[in-house]
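Peer 1: Given the sequences, and given the hints that come with them, work out the whole structure.
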Amino acid sequence: MSTTQIYEQHYRRLDASIPLRGQRWIPIAREGLKALVSFRAYLGLIAIAWLPTFGRLVQVYFTTRFPEARRIAPIDDKFFFDASTGIQLVFMLLMAAYAGAGLIANDMRTGGLLLYLSRPLTLGDYIFGKAAILLVSLSMVTLIPNLVLFLGARSLAPDVLGAPVHLILIPKIIALSLVLTLPTAGLVLALSTLARNPRFAGLGFFFIFAGSSVAQVIAWRATRSPYAGLISIQATMRRAGEAIFAVKPARMTADLPPELAIVTLVAMCLVCLAVLKTRVRAVEIVK
Amino acid sequence: MADTLVAFDALTVRYGARVALDAANGRFERGATGLLGPNGAGKTTLLKALLGFLTPTSGKIEAFGLSPSVAPLEVRRRIGYMPEVDAYLPDLTAVQTVAFAGELSGLPQSESMRRAHEVLQFVGLGEERYRKVETYSTGMKQKAKLATALVHDPEIVLLDEPTNGLDPAGREEMLALIRDIVTLRGLSVVLCSHLLRDVEKVCESILVISGGAIRTQGRVEDLKKLDRDWHIVRVKSDSDDFVAEVRRRGGEVVSDLDAWRIALPEGASVAWIFEAAAASGTQIRHIRKAEDTLEDIFLRATGHAA
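If you're matching them up, the sequences are chains A and B in order.
Just so we're aligned, residue 1 is where the first sequence starts under our numbering, counting upward by one.
Just so we're aligned, residue 1 is where the second sequence starts under our numbering, counting upward by one.
Hints are computed from structural coordinates only; laboratory data are not their basis.
Since the model is a prediction, treat every value here as computed from it, not as a measurement.
Hints are supplied without guarantee of correctness; some may be wrong.
Pairs of lysine-lysine residues, derived as PhoX-like cross-links and limited to a Cα-Cα distance of at most 25 Å, are as follows [stated by the list, open to error]:
{"no.": "1", "chain 1": "B", "residue 1": "LYS225", "chain 2": "B", "residue 2": "LYS201"}
{"no.": "2", "chain 1": "A", "residue 1": "LYS34", "chain 2": "B", "residue 2": "LYS132"}
{"no.": "3", "chain 1": "A", "residue 1": "LYS34", "chain 2": "B", "residue 2": "LYS141"}
{"no.": "4", "chain 1": "A", "residue 1": "LYS277", "chain 2": "A", "residue 2": "LYS172"}
{"no.": "5", "chain 1": "B", "residue 1": "LYS141", "chain 2": "B", "residue 2": "LYS225"}
{"no.": "6", "chain 1": "A", "residue 1": "LYS78", "chain 2": "A", "residue 2": "LYS277"}
In silico contact screen, one side only, chain B against chain A (beta carbon under 10 Å); selected entries [said to hold, decoys possible]:
{"no.": "7", "residue": "THR45"}
{"no.": "8", "residue": "LEU104"}
{"no.": "9", "residue": "GLY170"}
{"no.": "10", "residue": "GLU172"}
{"no.": "11", "residue": "ALA290"}
The beta carbon of each residue, even a glycine, is placed where N, CA and C say it ideally should be.
Peer 2: Below is the structure:
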């Protein structure tokens with residue numbers, strides 16, 4: 001009878017060396033999304049976030065049945081702009097906090113960061129993989145519902161949206177989605193590196209988002225300057241979106257140059273990237 | 001040299017004003033090497049410089065002829081790292097964690113899953129592999145970390161305090177696994193520890209690091225050999241006359257617990273001790289050739305020798 005320990009039968013050397021393949025961020029994104037999908041709250045949030053889209057499709061259907069309703073609720077660029085920036089923005093914030101706050105914070109808390117960074121991965125692979133999880137999640141409550149809304153509305157009301165000229169709405173929806181999701185993803189990931197507890201990162205995210213809007217209102221009332229809009233992340237995103245959809249701007253930011261809003265959002269993304277680059281490291285230096 | 005996997009030369013690493021590695025020179029050869037040193041000596045810093053996590057302030061470090069600062073991915077592809085601290089992914093089972101680590105190292109998805117099952121069997125977690133790692137005991141977490149370090153079949157495995165927090169049985173099991181990796185599987189291992197017994201059980205070579213510098217290095221059996229011919233001698237009853245006689249004849253004597261450690265004069269044989277005993281009327285009860293222990297080597301290297 002063999003006295004070989006059982007474990008000795010189960011380890012073998014690999015025959016060939018492993019090539020250094022690219023796209024190492026894909027397994028990170030895939031595993032992260034798989035983990036999120038296993039939570040009912042995540043799926044529930046997506047399901048609820050789609051309700052306004054179905055509501056708007058019903059609205060489009062009614063306007064096809066009662067054309068006079070178009071005068072009250074026209075199916076135009078503003079219809080799609082409002083669909084992206086109204087209640088959908090709230091769902092986007094909830095999704096960002098739920099799906100994003102723990103993405104890096106949990107890895108830092110459990111030492112998972114070492115598991116990643118001791119592998120043949122670049123810092124970019126790690127950050128891009130994590131960002132992809134969040135961008136896909138955010139797109140599920142912004143980009144995808146809005147594209148579905150456009151395609152659904154186009155098929156329901158071909159007399160209104162059927163002309164090829166309306167296809168320009170697709171890149172507009174995509175551009176607005178990027179304006180909304182990229183800075184949001186950057187901010188929540190940066191906060192995730194600063195707090196080991198995902199709850200603090202999520203709360204910090206809401207505080208910054210809501211707090212900046214409150215600060216904008218106070219600053220605007222005090223100065224009446226349109227540049228006060230730059231204080232608010234939401235107002236800045238909205239101003240950039242208004243320019244993309246060429247809709248009438250909001251009163252407080254009507255005179256804010258949209259280019260400045262876009263530059264501000266880009267700067268915010270760069271600051272978030274710098275925070276990520278500084279904080280995501282395999283060595284914690286205790287001074 | 002073909003057997004040198006890692007070499008570092010005048011390697012200096014600073015954390016701000018603090019010097020963690022101070023012009024350290026050394027090499028890790030094929031086989032099992034113990035990296036010994038007190039807490040804060042610079043052991044983990046050396047491993048992190050090797051993995052490319054830290055950029056040397058000056059000097060150089062090379063693994064497989066490559067600089068970790070220049071080609072970190074190629075170096076990490078060939079290294080398995082078992083960190084001292086916990087390293088797991090929340091909500092993932094052991095098999096998912098290990099398979100994921102394999103994929104991050106470049107294994108195809110199906111192959112990394114197969115390897116994950118194999119290495120978890122190998123480290124003795126076969127029955128527990130579908131449990132979440134965060135629910136594991138300390139010993140099981142250590143084994144899961146070892147499995148994660150092995151999944152991509154590295155050429156060298158860096159083990160940072162692998163027996164930390166383990167009970168005696170768990171410790172023996174871990175050391176047996178490490179020995180197995182080296183002797184039966186042909187992998188090289190760097191065992192980073194402050195526990196001399198662990199290193200002695202597994203490693204054929206050691207590097208002693210203290211204050212950020214390598215104090216001594218070499219094969220354990222070579223380092224244990226003494227520069228002079230020492231013997232441990234235990235005598236019956238009063239030994240003062242015997243000690244005086246040895247000194248009068250030119251030998252060196254130091255106390256060693258309940259015995260004497262005697263260095264023979266140049267060219268003398270063991271018969272010289274019996275002659276000294278006969279001359280002093282002392283009866284010898286025990287005599288053996290002295291050899292340094294790893295503890296002696298360590299204490300001498302770190303400047304704490306008696």
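Peer 1: For each hint, tell me whether it holds in the structure or not.
Peer 2: Tested hints:
Only pairs whose Cα atoms come within 25 Å are accepted, and B:LYS225 paired with B:LYS201 is accepted, the gap being roughly 18 Å. For the hint pairing A:LYS34 with B:LYS132, the CA-to-CA distance comes to about 15 Å; that is within 25 Å, so the pair holds. For the hint linking A:LYS34 to B:LYS141, the alpha-carbon distance of about 23 Å falls within 25 Å, and the restraint holds. Straight-line distance between C-alpha atoms of A:LYS277 and A:LYS172 comes to about 31 Å, which puts the hinted pair past the 25 Å bound.
For the proposed pair B:LYS141 and B:LYS225, the alpha carbon gap of about 38 Å is over 25 Å, so the pair is violated. Of the pairs offered as hints, the one joining A:LYS78 and A:LYS277 is violated, with about 38 Å between alpha carbons and a cut-off of 25 Å exceeded. Interface hint status for B:THR45: upheld, as the beta-carbon distance to the closest one in chain A is roughly 9 Å, under 10 Å. Taking 10 Å as the C-beta cut-off, the interface hint given for B:LEU104 holds, the closest approach to chain A being about 4 Å.
Checking B:GLY170 against chain A: minimum C-beta separation of about 15 Å lies over 10 Å; hint violated. Interface restraint check for B:GLU172: the shortest CB-CB distance to chain A comes to about 13 Å, outside 10 Å, so the restraint is violated. For the restraint placing B:ALA290 at the interface with chain A, the shortest Cβ-Cβ distance is roughly 37 Å, beyond the 10 Å limit, so the hint is violated.
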